[in-house]
Amino acid sequence: MAAAPADPLVIAGHSFASRLFMGSAGYPNQQIMLEALAASGTGLVTMSIRRVSLDGYGESTIDLLGGRYRLLPNTAGCATARDAVLTARLAREALGTDWVKLEIIGDRETLHPDVGQLLAATETLAADGFVVLPYCNDDPVACRKLAMSGAAAIMPLGSPIGSGMGLCNPYNIALICRQSPVPVILDAGIGTASDAALAMELGCAGVLLNSAVAKAEDPLRMARAMRAAVAAGRDAFLAGRIPRRGYAQPSSPQLGIVGA
Amino acid sequence: MRINGQIEDGAPRPLPRTLGELLAARGIDPAARYLAVAVNGAIVPRGEWPSLALADADDVEIVRPREGG
Chain A
1 MAAAPADPLV IAGHSFASRL FMGSAGYPNQ QIMLEALAAS GTGLVTMSIR RVSLDGYGES
61 TIDLLGGRYR LLPNTAGCAT ARDAVLTARL AREALGTDWV KLEIIGDRET LHPDVGQLLA
121 ATETLAADGF VVLPYCNDDP VACRKLAMSG AAAIMPLGSP IGSGMGLCNP YNIALICRQS
181 PVPVILDAGI GTASDAALAM ELGCAGVLLN SAVAKAEDPL RMARAMRAAV AAGRDAFLAG
241 RIPRRGYAQP SSPQLGIVGA
Chain B
1 MRINGQIEDG APRPLPRTLG ELLAARGIDP AARYLAVAVN GAIVPRGEWP SLALADADDV
61 EIVRPREGG
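Chains A and B, in that order, give the protein sequences.
Taken in order, the first sequence gives residues 1 to 260; the numbers are from the working numbering.
Taken in order, the second sequence gives residues 1 to 69; the numbers are from the working numbering.
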């Protein structure tokens, strides 16, 4: 039996050794997806819930991932609390998990979440026994309200889904992390390793990313980079960084300088 | 009847009278893993699939997990 992980990420009583969560979409093929997920060291992989093609269905991602990873179904595409709640319940039935990434979209272009609908759905689902992980915007008040409504973790975006812009408002993310009674998982907009490291340095408990790895030129290499970045950022956060100063502070001793 | 978002009005193929009939007609194996069904917004447990009666105005969702972020 493996030893308990040092510095685990705990959500709803479940302990994760890896603070990197991964998505399963957009890989060049399923073999690369499997290799990248393995290289990332992740312990949680997201999936969507979709209508079955009624002309029969072929081999699929779920059959590859089902036994290998803990899965987090999302309610991607839903625009209302009603649709998201139904999707979550269908996901629970299909996968046998109470966990759900709650995604309710308020704008089809930016994919920004509809916070009002998110709050309503979070309350309903939490009361129905779900472990709710809402994907939300980087508004500290919205995040606090979601935590009060029963979310098990908060997942603010760094920038729009798939945009690769990284963390547009690191100040908000840091504030959300300081104020949140539940773990904060930076979700959406990560573009490269330094974005993931920054999220962790600001105090995020973890990072969820998909496009940054799946659509990188070399997904396997980027998965390794993300694994290292999340670990590095976490260590840097725990190590207690030096403050930023507006002036220089010499590091070498000031006495005994030759020629002085 | 609405089946996965598509309206079926009984022509050319007659509307299924049970969920079991619907699954069979569409080539969906009721023993397949990772499937879930809702009728009119309510989850239907797997044990009830074969026998659940369907009404003409029912709204049926049959889903499974797919790749996603």
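These are calculated hints, taken from the structure and not from any lab test.
Treat the hints loosely; a few may be bogus.
[Said to hold, decoys possible] Restraint-style ranges between C-beta atoms, simulated for each label pair:
#1 B:55 x A:83: 37 to 45 angstroms
#2 A:17 x B:13: 49 to 57 angstroms
#3 A:181 x B:59: 45 to 53 angstroms
#4 B:50 x A:181: 29 to 37 angstroms
#5 A:238 x B:50: 38 to 46 angstroms
#6 B:24 x A:171: 32 to 40 angstroms
#7 B:45 x A:30: 28 to 36 angstroms
#8 B:13 x A:168: 22 to 30 angstroms
#9 B:40 x A:235: 45 to 53 angstroms
#10 A:238 x B:21: 20 to 28 angstroms
[What the hints assert, rightly or not] Cβ-to-Cβ under 7 angstroms is the rule here; a few derived chain B residues that face chain A:
#11 2
#12 4
#13 17
#14 30
#15 31
#16 34
#17 47
#18 54
#19 55
#20 59
#21 62
#22 63
#23 68
#24 69
Each residue gets a CB set at the ideal place from its N, CA and C atoms; glycine is no exception.
So the hint says 49 to 57 angstroms: do the beta-carbon atoms of residue 17 of chain A and residue 13 of chain B match that? Because 52 angstroms falls inside the window, the suggested range holds.
Residue 235 of chain A and residue 40 of chain B - C-beta distance against the hinted 45 to 53 angstroms: holds, 52 angstroms
For the hint 45 to 53 angstroms, verify it against the beta carbon of residue 181 of chain A and that of residue 59 of chain B. violated, 39 angstroms
Do the numbers back the hint for residue 31 of chain B, that is, is its least Cβ distance to chain A under 7 angstroms? Violated: closest Cβ of chain A sits about 14 angstroms from residue 31 of chain B, beyond 7 angstroms.
Look at the Cβ atoms of residue 55 of chain B and residue 83 of chain A and judge whether their distance stays inside 37 to 45 angstroms. Once the Cβ atoms are compared, 22 angstroms apart, the range 37 to 45 angstroms for residue 83 of chain A and residue 55 of chain B is violated.
Pairwise beta carbon distance, residue 13 of chain B to residue 168 of chain A, judged against the given window 22 to 30 angstroms: Violated, since residue 13 of chain B and residue 168 of chain A (Cβ atoms, about 51 angstroms apart) do not stay within the stated range.
Does residue 62 of chain B hold up as a contact with chain A if the rule is Cβ-Cβ below 7 angstroms? holds, 5 angstroms
Holds or violated: is there a CB of chain A closer than 7 angstroms to the CB of residue 69 of chain B? This interface hint holds because 3 angstroms falls under the 7 angstroms limit.
Hint check: is the beta carbon of residue 59 of chain B less than 7 angstroms from a beta carbon of chain A? Violated. Min distance 10 angstroms.
Verify the interface restraint on residue 34 of chain B: the C-beta must sit less than 7 angstroms from at least one C-beta of chain A. Given a least distance of 5 angstroms, the restraint on residue 34 of chain B holds.
Would you settle whether the hint for residue 47 of chain B is holds or violated, based on the nearest Cβ-Cβ distance to chain A being less than 7 angstroms? Violated. Min distance 12 angstroms.
Chain A contact restraint for residue 30 of chain B - C-beta distance below 7 angstroms: violated, 12 angstroms
Checked against the numbered hints listed earlier, the structure breaks hints 1, 3, 4, 5, 6, 8, 10, 11, 13, 14, 15, 17, 18, 19, 20; every other hint is satisfied.
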